[in-house]
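2 protein chains.
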Amino acid sequence: MIFNKADIENLEKRFRTAFINSLGGFRQAVLVGTKSKEGQTNLAIFNSLIHLGASPALFGLISRPDSVQRDTLQNILDTKEYTLNYVRADKYEKAHQTSARYEKGVSEFDKVGFKELYHNNFAPFVADAVVKIAMKLEQTIPITLNGTILIIGSVIQIEIGESLVGKDGFIALSDAEVLLSQGLDAYFVSKPIGRLKYAKPE
Amino acid sequence: MIFNKADIENLEKRFRTAFINSLGGFRQAVLVGTKSKEGQTNLAIFNSLIHLGASPALFGLISRPDSVQRDTLQNILDTKEYTLNYVRADKYEKAHQTSARYEKGVSEFDKVGFKELYHNNFAPFVADAVVKIAMKLEQTIPITLNGTILIIGSVIQIEIGESLVGKDGFIALSDAEVLLSQGLDAYFVSKPIGRLKYAKPE
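Chains as they are written, first to last, in this note's numbering: chain L, 1 to 202; chain F, 203 to 404.
To be clear, the hints were calculated from the coordinates, so they are not data collected in a lab.
Worth double-checking, as some hints may not be accurate.
Result set (DSSO-like, lysine-lysine): computed pairs, CA atoms no more than 27 angstroms apart in a straight line [what the hints assert, rightly or not]:
(1) L:5 x F:317
(2) F:402 x L:13
(3) L:13 x F:369
(4) F:399 x L:115
(5) L:167 x F:207
(6) L:37 x F:402
(7) F:239 x F:282
(8) F:369 x F:393
(9) L:136 x F:215
(10) L:5 x F:239
(11) F:207 x L:37
(12) F:313 x F:282
(13) F:317 x L:200
(14) F:296 x L:200
(15) F:239 x L:200
(16) L:197 x F:317
(17) L:200 x F:306
(18) F:207 x L:80
(19) F:282 x L:191
(20) F:282 x F:317
(21) L:111 x F:402
(22) F:313 x L:200
(23) L:191 x F:393
(24) L:5 x F:282
(25) F:215 x L:200
(26) F:207 x L:136
(27) L:94 x F:393
(28) L:191 x L:167
(29) F:282 x F:306
(30) L:197 x L:167
(31) F:393 x L:197
(32) L:80 x L:111
(33) L:115 x F:207
(34) F:313 x F:296
(35) F:402 x L:104
One-sided and incomplete, this derived list gives chain F residues near chain L with beta-carbon spacing under 10 angstroms [claimed, not checked]:
(36) 210
(37) 214
(38) 240
(39) 241
(40) 260
Positions of the beta carbon are idealized from the N, C-alpha and C atoms, including for glycine.
Pulled out of the complex, with its shape left as it was, chain L reads as follows (with noise of 0.2 angstroms):
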C-alpha cells in the first residue's frame, strides 16, 4: 500500500508516531546515564545512536526537548559527561521502565533496579552492561526543523568482556545478546547472517 505525503499528514497523532518511529528501522538500545549538577543520577533508555567517526571516536545522540529524555540533556549540557550502555535483551524491561516520566529528584537506577558502577567518579554506569562507554559532550546541534538537538560527544573509555573482542577489532554484539529496538516499545536480539569482505568492483 502506499501512503503519500498528505495520507501521512492525516494519520491520527498515535498511529502516526508508532508508524513513522517503528518506520525507523532497527536501533542500538543504549542506557544514557547522567549525573545532575546536584550529584543526582538519571538513566534513560535511547535509540537514536549515531556512529559519526572512528578518528576521533565520536558518537551522536538525538535528544527531543520534550521527552523524559530532557533531565539528561540538561544533565549533559551542565556536566559535559555521560555514559552509554548496552544491555542483555534480558533486561529488556527494565530498560523499557527507564523511559517513565519519573520526578526529577528520583534516580532510574533505584527505581528500575540497576545498579550503579563508578570510575574515578564519572557519570554512574549500568553495573551489568555488556558494553560501557564513557562520553565527554563535544557539541550540541539544534536541528531546528523540530526542535531536536544532536548531542555529539567523544569516546573516553570503553569497557567490554576481552572475549568480545575481534582480532580484527569487531566486536561480537551479536553472541552477547546485546538489546535493540525498534520504535517506541518494541525489543529484539540480532540473529547473524554473515560477514563480508571489503566490496570491490568484480
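Take the given structure of chain L and dock chain F to it, following the hints.
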C-alpha cells in the same frame, strides 16, 4: 577490559575503524537510491539512518565525504530527492556489494543486480524492497568536528505491504526479515522479544 582515550588513539588504524564502527551497535541497513542531474542512477548502502521526528516525518543520514557515499550526497544536493529501501536479509550480499567503489558512470543497480522501480519519474526505488520511502531533501548540516554531513529529509511517500502495518501503526519489519547491520561488514536479522506498554512510574 578497559580502553582509555590514549589506548583507542593508539590502535592500529584498521582495527580502530572496525572496533569503533562495530561499537556503534546494530543499525537498520538502508539502500539509498538517487539519480544524477544527467540521469545516471546510483545505489549505496548506509547504516546511519536516524529517526528525527514523526510530525513532520523527518529522517537523517550521515554522509562521509571521503567515501563511496559521495556520489549519493552529490545527487541528493543536485536533485533534492532520494529513496530509502529496506531489503530482506537474504539479499545481504547484493546490498553489501553496493559499497564497492564503482566508477561514476556505472549504476550499482545494474552491477549488483537490483531492479529499478519508478513512481512518477522520482529517484529510483529498489523494486523488491520490503519498504520503499521517497524522501525530499530539507537541510544539510555540516558536522565540522570530523567533516561528516547530516542529511535531513522529509518523508513524502511510503510503500509497504499492507500486512506489515499493525492496527496501532507499528510496522512488523521483523516478520519481513528485514536486513540489519553492525560495523562495516556484519549482517543480521532480528528476533522479537516483545512489545511493552507505554512506561509509567509505578
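For each hint, the structure was consulted:
1. L:5 x F:317: holds (25 angstroms)
2. F:402 x L:13: Holds, because 20 angstroms separates the two Cα atoms, which is no more than 27 angstroms.
3. L:13 x F:369: Distance of about 13 angstroms is within 27 angstroms: holds.
4. F:399 x L:115: holds (24 angstroms)
5. L:167 x F:207: At roughly 20 angstroms apart (the allowed maximum being 27 angstroms), residue 207 (chain F) and residue 167 (chain L) satisfy the hint.
6. L:37 x F:402: Satisfied, since the Cα-Cα distance of roughly 25 angstroms is no more than 27 angstroms.
7. F:239 x F:282: holds (10 angstroms)
8. F:369 x F:393: Given that 27 angstroms is the threshold and the Cα spacing comes to 21 angstroms, the pair holds.
9. L:136 x F:215: With Cα atoms ~22 angstroms apart, residue 136 (chain L) and residue 215 (chain F) stay inside 27 angstroms; holds.
10. L:5 x F:239: holds (24 angstroms)
11. F:207 x L:37: Holds, at about 24 angstroms.
12. F:313 x F:282: Distance ~24 angstroms between residue 313 (chain F) and residue 282 (chain F) Cα, so the pair holds.
13. F:317 x L:200: holds (20 angstroms)
14. F:296 x L:200: holds (12 angstroms)
15. F:239 x L:200: This hinted pair holds, its Cα atoms lying about 25 angstroms apart.
16. L:197 x F:317: Holds. Residue 197 (chain L) to residue 317 (chain F) sits at ~24 angstroms (cutoff 27 angstroms).
17. L:200 x F:306: Distance ~14 angstroms between residue 200 (chain L) and residue 306 (chain F) Cα, so the pair holds.
18. F:207 x L:80: holds (16 angstroms)
19. F:282 x L:191: Answer violated: residue 282 (chain F) to residue 191 (chain L) is near 36 angstroms, above 27 angstroms.
20. F:282 x F:317: Cα-Cα ~22 angstroms, so holds.
21. L:111 x F:402: Holds, at roughly 11 angstroms.
22. F:313 x L:200: holds (11 angstroms)
23. L:191 x F:393: Between residue 191 (chain L) and residue 393 (chain F) the Cα gap is close to 7 angstroms, so the pair holds against 27 angstroms.
24. L:5 x F:282: Satisfied, since the Cα-Cα distance of roughly 16 angstroms is no more than 27 angstroms.
25. F:215 x L:200: holds (20 angstroms)
26. F:207 x L:136: holds (11 angstroms)
27. L:94 x F:393: holds (19 angstroms)
28. L:191 x L:167: holds (21 angstroms)
29. F:282 x F:306: holds (19 angstroms)
30. L:197 x L:167: Satisfied, since the Cα-Cα distance of roughly 15 angstroms is no more than 27 angstroms.
31. F:393 x L:197: Holds. Residue 393 (chain F) to residue 197 (chain L) sits at ~25 angstroms (cutoff 27 angstroms).
32. L:80 x L:111: holds (24 angstroms)
33. L:115 x F:207: Since the Cα atoms of residue 115 (chain L) and residue 207 (chain F) sit roughly 25 angstroms apart, the hinted pair holds (cutoff 27 angstroms).
34. F:313 x F:296: Satisfied, since the Cα-Cα distance of roughly 9 angstroms is no more than 27 angstroms.
35. F:402 x L:104: holds (14 angstroms)
36. 210: OK, holds: residue 210 (chain F) within 10 angstroms of chain L, min 6 angstroms.
37. 214: holds (8 angstroms)
38. 240: This interface hint is violated because 20 angstroms lies over the 10 angstroms limit.
39. 241: Since chain L brings no Cβ nearer than about 21 angstroms to residue 241 (chain F), farther than 10 angstroms, the hint is violated.
40. 260: holds (6 angstroms)
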